[in-house]
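Peer 1: Top line first, the protein sequences correspond to chains Z and P. Mapped onto our numbering, the consecutive letters of the first sequence carry residue numbers 1 to 841. Mapped onto our numbering, the consecutive letters of the second sequence carry residue numbers 842 to 1190.
Simulated from the structure, these hints should not be mistaken for laboratory data. No false leads were slipped in.
Residues from chain P shown here face chain Z by an in silico Cβ test under 7 Å; the list is partial:
(1) 955
(2) 1067
(3) 1095
Every residue gets a Cβ at the ideal spot worked out from N, C-alpha and C, and that includes glycine.
One-letter residues, chain by chain:
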Amino acid sequence: MDISVNWLRALAPGIDGTPEELAARLSLQAVPVDVVEHLGAELGDVVVGRVVSAEKHPDADRLTLCRVEAGGEVLDVVCGAPNVEADASYPFVPPGGTLPGNFKIERRKIRGIVSNGMLCSEQELGLGRESDGILRLADGYEPGAPVGEALGLPDARLVLDLTPNRVDLASHIGVARELAPGGVAGIEPPSFGVEWKPEWVDGEHVAATADGVSVTIEDPVRCPRYLAAVVRGVRVGASPDWLRARLRAAGSRPINNVVDATNYVLLELGQPLHAFDLARLEGPEIRVRAAAAGETLTTLDGRAHELDENLTVIADAGRPVAFAGVMGGADSEVSGATTDLLIECALFDPAATRVTAAGAGLSTDASYHFERGIDEHAMESALRRCVELVMAVAGGTPGEVAIRVGREPAALPVVALRPARVRKVLGLELAAADIEGLLRPLGFEVRAGGGAEDDGRGADRGAEDGADRGTGRDDDAMMVTVPGWRGDVTREVDLIEEVARRHGYDRFPSEPRPIRPSAVPSDVTWARRDAVRHLMEARGLLEARSLPMVPAARAGASPVKLLLPLSATESVLRTDLVPPLLDRVQHNWAHGQRSVRLYEIGTVFARDAAGGGPAAREGFLEDVRVAAVLTGPRFPEHWSGRTPEVDAWDLRGLLEEVGARLTATNLEVGSPGAGLHAPGTPSFGVERWLGGEAFAMFDDGVVVGVGGSVRSDALDAPPWAGAVFAAEFRLGAVRPARSPEFVALPAFPSVARDLALVVPDGIAAGEIEAGVRGVAPRELVGLRPFDVYEGEDLGAGRRSVAWRLVFRAEDRTLTDREVEKHVAKIVTYLREELDVRVRES
Amino acid sequence: MTNAGSKADGRSLEDRLRKLQSDGLTAFAAAEDADALEAARVRFTGRSGELSDIMGGMRDLDPAERPVIGRLANEVKGALEAAYDQRAGALAGPADGSRGGDDLSLPGRRAWPGGRHPVTLVIDEICEIFAELGFTRAAGPEIETDWHNFTALGIPLDHPAADMHDTFWLDEHVLLRTHTSPVQARVMMESKPPIRVVVPGLCYRRDPFDASHAPAFEQIEGLAVDEGIDFVEFRAAIDFFVRRFFGPGTKTRFRASYFPFTEPSAEVDVTCFLCGGSGCAACKGTGWIEIMGSGMVDPVVFEECGLDPERYTGYAFGMGPARIAMLRYRIPDIRLLYEADVRFLEQFL
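Next comes chain Z alone, as it looks inside the complex (with noise of 0.2 Å):
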């Protein structure tokens, strides 16, 4: 919404201070202002140029050679405006002058004749957001006055971003009430200097007036209220400089002076009005109703629409002539050839206003207003003004009566509000007199309650003589009637914030207070995530957060399809963390970066078929995934030595550390896609990436996990990358409570022995190890291998496989012989259930 400080100022004369400190007030009070932007600043080497003569110019068909008075010598100007005009007077830049944007003009040749300065258009001002022509100014400035009085400038323009709930704001009485000194009771609208006082003709469905017009309203509750004057023997044409200069700082294009009028009134006081060429109407009558299928309407901007039942209109007696609340149409437009008007001023219903809008596909400032609410209670004195502002400046006569059908406005509501309830929501000594001081210049009247309901009259009168104003004990509910423009306000806590910004929140002491703490223990959700992140950052992996919408392909089974995707390629949410986290792979690659090591906490979802989630969310499923993905050299490159590659145990190691750590899970090697699924949850979606590596996550018999190597086919590679490994499992398999258990440092040493096993192929370690731990004693501390080695000395098909067998008994030190024994006993087993040897050396 843009705000003319000018249009404030004649609304109401006390507002004082700087356009930058008008906008702080409201931006700290009301709403916030985006921008102050200054109109006219940097014209001062502008002025009213007349044009005495303008011919063809002789070397170019859509050049025009003007002659231009502009207060010395009569100037050769060449002009490219297709409108400009002999004895019309435009503004003008003499050579030497600038425009906004410090463009410079100078004297030029074009086509061969010298041009000697510039008439310019609203845009090259700096004043409209668009123009078609050069722009005309009235007659009777003198050539060569500063352009400033002509335009209505300065000015300064403030540009709001309405909250939806202020629709009063999105008019200038609106701001002016907020900014002026004493609110309401300081804000005189200026007079047009005519007056029109009609009498009212009311119906209830149907009104007439004396000469013939009709109006009826058929849908009483999409239109509860139509009011409407007669204008005869306007004369269209060009507002004057003021009235235009107002519409442009308000950011309104102006059109002619009866349309004009109607912006202008809408701009004022947020009410908007129709005007329809009188002639026009079939009848002359206008029924309000809804649209009948297969009529059609052709609005102002030229757009042919199709109508059906759910989109209100305006129609005359045969057909539909305007959008209701919306936009008029173009055969019943006011033109140049229009001599009476019929000017609408109606309350539409804010939900049949945003279906017609919607259904036109329209969005237009008088939707804007319907459908938030404008005041009831106005409706009047905004057709009066409208009216009044037609007869000053397009002349005609309006109807002596005028039409009003429908409803009377609602009464005004009453809200109690209590001092105290304000002091506790507040925290701020406020007495009920401090509370109607800050109500009342915003409209709200305030009376003494005596917790008697309200008698419902709302906008009585009864307050204005004093002795009734609220002046009672702090603890009775004082009563507050809401002004008609602040249908926002329905309720004691909306009072409250009215009292909280005009006091001012700056003004609030930042004062501690005694808490308890919270009664709702920390979800485990963030503890799990704590602990996760603390694992991968010792790892040496970097937190990933990539976004969870993915292309279709990308998506594995049942994935969650959004309605009304943004694209292609974000249209289904991830099933799964891998896949998204292969494509930061590839960006890393196609930014040359070899080594990459990502982890990413993040939800993931699927449909579910078979239902089974939470209620009313069932048939989705969401869970939350700790995903890693490894690539490049195991270590940073170090002049030393070469760096070997991470490979499959390095994978697996992170998943052991996740197992031991963080979770009570099992690792076993897995295959690919066989079982590595974790019921009730989305798929891992391993059949998209899962290599010949495979390692499962098992929690109590359960997958909560896979990881391992990734197919060369899941991934567009360059030459010079290395294997990935990746691995994704459940975040809810975390358990971040684990308590450690202190066990007694052990007392007496231990011994180590070593057997280099010669193992046939198909044995795995893993076998081995169980095995040895089968037939071991409870002696046996530490087995872990520690060397691998193939050679053809051993015979092929097999390999030696080097483990460290560590014993220790508790209560003494071992001695050889028991140490022997145990490790014949191993020995033993392995040859005769394994055939595993010990390598003879």
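Dock chain P against chain Z, hints included.
Peer 2: Relative to chain Z, chain P alone:
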């Protein structure tokens, strides 16, 4: 065995040990490859090697001499094993022959650095500060019902306020949460006050992915509900947070605003932490940066969630950690936060 039946004397064993040490060290150092080294190991310290032989001879020593010679034997054994390990390491080392010698100015050996995402750093810090004010951390689902996301928070589905949330719908009443505020509703329905929680989490809005918008982004929400909480306490809590997070000299500015689930509502600005309030590009010359939306919890929210609005009052606030991270670390484009570029992430270790 070489002790030939005669009672060994300590002197000769001592001499042999010293010679063994000297020979062994020379042999290990001279080993040209792993085979030669292994041969030397077998000869000197192997199970049937010279050291074993000498130690076998200790059985015949005079008991008084045994501890002395035993200690010496252990020393020799340790020295030889250390020499063996050193040589074995050197032989297993780089094949290209590069050696650092004694040039300690060469860079040291490092591990890969791991670390948290900059947005996580900001979230963690915010949670830590509010933990000092007694706030715990809550969580909730990302797929939500329209009731939790809108209705429970006082936002009618057909109200223009819903326009502020351009929503990703998944089904008729199911959506991706547009803010973390539905967790407020969940917490209030499940717990009795005093409630003090912060809720970090991912939220979704139909914003095209560009330099300053992302369709999914982190938000952190806070909620305090108890008897006797007023606007003064709310201001004090926010001021405490701001000074902790942005520095002790930082000022706050509360501006009137509108949120359907708070009343009174306020936008909170802080003095620009980049220019100190004098005006810069980050604060668009104003000296202030908007960091959160906040306010006193609207009674309609208490009613929807089954708490008595006459008895309880509270405040709520919401911030965008990604936005704060971008301002704090001067990250010009939000998309950098999602790319997982290693060169980017390594800047925040």
